[in-house]
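Chain residues, written in single-letter form:
2 protein chains.
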Amino acid sequence: MATIRDVSKIAGVSVATVSRTISKPDKVSAKTRKIVEAAIIETDYKPDILARNFRTRKSSTIVVLVPDIANPFFSRVIRGIEQTAQGLGYAVLLGDTQGDRNREITYANMVKTSQADGIIQLDSHIPFENENGPYVPIVNICDCVRGTDIPTIEIDNALAAEKMTEYLISLGHKSIAIITGPVDATITQDRLRGYKKALKKAKIDFVPENISVGDYSLLSGTTSSHDLMQNTHPPSAIFCMNDEMAIGAITQLKKMGLRIPEDISVAGFDDISFAEYYDPPLTTVSQPAEEFGSKAMQTLYNIINKNDLIQKHTFLDFEIIIRKSTGPFKYET
Amino acid sequence: MATIRDVSKIAGVSVATVSRTISKPDKVSAKTRKIVEAAIIETDYKPDILARNFRTRKSSTIVVLVPDIANPFFSRVIRGIEQTAQGLGYAVLLGDTQGDRNREITYANMVKTSQADGIIQLDSHIPFENENGPYVPIVNICDCVRGTDIPTIEIDNALAAEKMTEYLISLGHKSIAIITGPVDATITQDRLRGYKKALKKAKIDFVPENISVGDYSLLSGTTSSHDLMQNTHPPSAIFCMNDEMAIGAITQLKKMGLRIPEDISVAGFDDISFAEYYDPPLTTVSQPAEEFGSKAMQTLYNIINKNDLIQKHTFLDFEIIIRKSTGPFKYET
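Protein sequence lines correspond, in order, to chains A and B. Under numbering that gives the first Met the number 0, the first residue of the first sequence carries the number 0, and numbering increases by one thereafter. Under numbering that gives the first Met the number 0, the first residue of the second sequence carries the number 0, and numbering increases by one thereafter.
Heads up, a few of these hints could be off.
Only some residues are given here: those of chain A computed to face chain B with a beta carbon under 7 Å [to be verified]:
1. S74
2. R75
3. R78
4. L87
5. G88
6. L93
7. L191
8. D214
9. L217
10. L218
11. T250
12. Y276
Simulated from the structure, these hints should not be mistaken for laboratory data. Every value quoted in this text rests on a predicted model; they were computed, and no experiment measured them. The C-beta atom is built at its ideal place from N, Cα and C for all residues, glycine as well.
The following block holds chain A by itself, in its conformation from the complex:
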């Protein structure tokens, strides 16, 4: 069986360099890493990482808790995490939680049992039974818990919803419905607050029946928009808390014989890749998905390695993207 000395000989570097390449790949040059990796493969040397992990109690693995891996916004976030993790020498364990707290806790416990070094949580839950439990490196992104010490990375969701609502008001719309995400999510509450603030500033009464609760799926956009059109005063614009629900809503409204945006405006949230390719192309709020991922991984790395660079609450930029699914309100003639 090959030893670290065999690798060192073939690679033409010191044993210490081989060891460092294995344990801290981010601390050696890409060139050295390549040479050493080639030598490891050539000699079929097994660095016995489990033995090393056992000694150091570090797994060089992080866990990502994703509410729904089939959501195209989250897959871009995961890609950002993955790419940064690879550069830092970390592997990414994926937990598709479906928002289930037991699943979150099961995955989070992998850190307590030293199978992983830290957690990136994409949902607004703390994945521990006891919030005051033992300290676990964690970063909460996208949809963030309030009032804890856990570092968060998010956009200003209230402001984004306020800006989109203001834009719809500027087009002459007064009856603006909103299709939300799950009611207990922080982003749902933040965005609802922004929506209400914009209405209030424009002296438009808030109408409770203009709110329909969705679950971020295409189907819930369909059913919610159908319900909203049965209101005593149907809306002339619908703002959806993600692009899938906006696409579901447009599909349903077209089926009902309505033209978008001539008869009704629809706006989304996230700017997934399909938004631009939809018919009509979707007006939406663009979020920096990959940046969410890379910033989260960098922050978690700093926490795990006890660096002093940790920013508690980071806000990333958003952008209102105006395309063709929204247009001026037209009085009925």
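Once you have looked at the hints, place chain B on chain A.
Relative to chain A, chain B alone:
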């Protein structure tokens, strides 16, 4: 520090049951598992899984190599893997390879170093430098390498493409273009073979300029369809090797003033969730994404645990889904 005895006392079960719950969660009832997990959390007992992994040389982790995690078809496959893995007591490590062979090898080496027990590869590459290298548990799904002993799970891609092409021919189309995936992929070659076979059976000449190579992105559907319409004899139907390229193509063709399907038919492949919600709803080949994932995980589990149930080559069912993006060929008047 809590011991396994503390957990056993609080849970009211034997030490052996606690141990079995930790090491083989699939071998105890859901009820027992819940009670033991609650006791582990209450006592803050650390089962020291790294120490156990070190002794047994099992990590209870598998690696999934995904060419593109942002592809909605793959995220459904990953969900299938994840759900079955959880039931079997395995964690899923995710490698977003972007088709890069060095990245594939880096991830695959995690098995050689005992950080993972096996690999599920979604792309038609063998992720080792040396194909005759040491035995590593691996299952190859969706896009499969030919002529190896590696267990594969796929649909009959040649037959699926043949059936879709036959359907387009049955609508009266004779000039049928095809937008492919990367040329070196097995599924591209299989599907091209099926397409050519259907043309030959209908005595329609194969025209090389009717082939355009894409990369599965929305954008490549746009550029490929634009190019195809510059042909001396532009196609009256375009068959795309995934739904994203079909959506990109429809967007582009509409921009050029063409009506779908009155002026030109477009078909896709995969039946991603957006296909049904597109305008017009997409005719496509439905693939059982979640089943790919669950079958792959079950097969890998059998390989890792040396069960005798391993089927070398599995074919799953596909279905031609006819929606509104395809219609009869109309002679110009």
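Verification of the hints:
| no. | hint | result |
| --- | --- | --- |
| 1 | S74 | holds, 5 Å |
| 2 | R75 | holds, 6 Å |
| 3 | R78 | holds, 5 Å |
| 4 | L87 | violated, 14 Å |
| 5 | G88 | violated, 11 Å |
| 6 | L93 | holds, 4 Å |
| 7 | L191 | violated, 25 Å |
| 8 | D214 | violated, 14 Å |
| 9 | L217 | holds, 5 Å |
| 10 | L218 | violated, 9 Å |
| 11 | T250 | holds, 5 Å |
| 12 | Y276 | holds, 5 Å |
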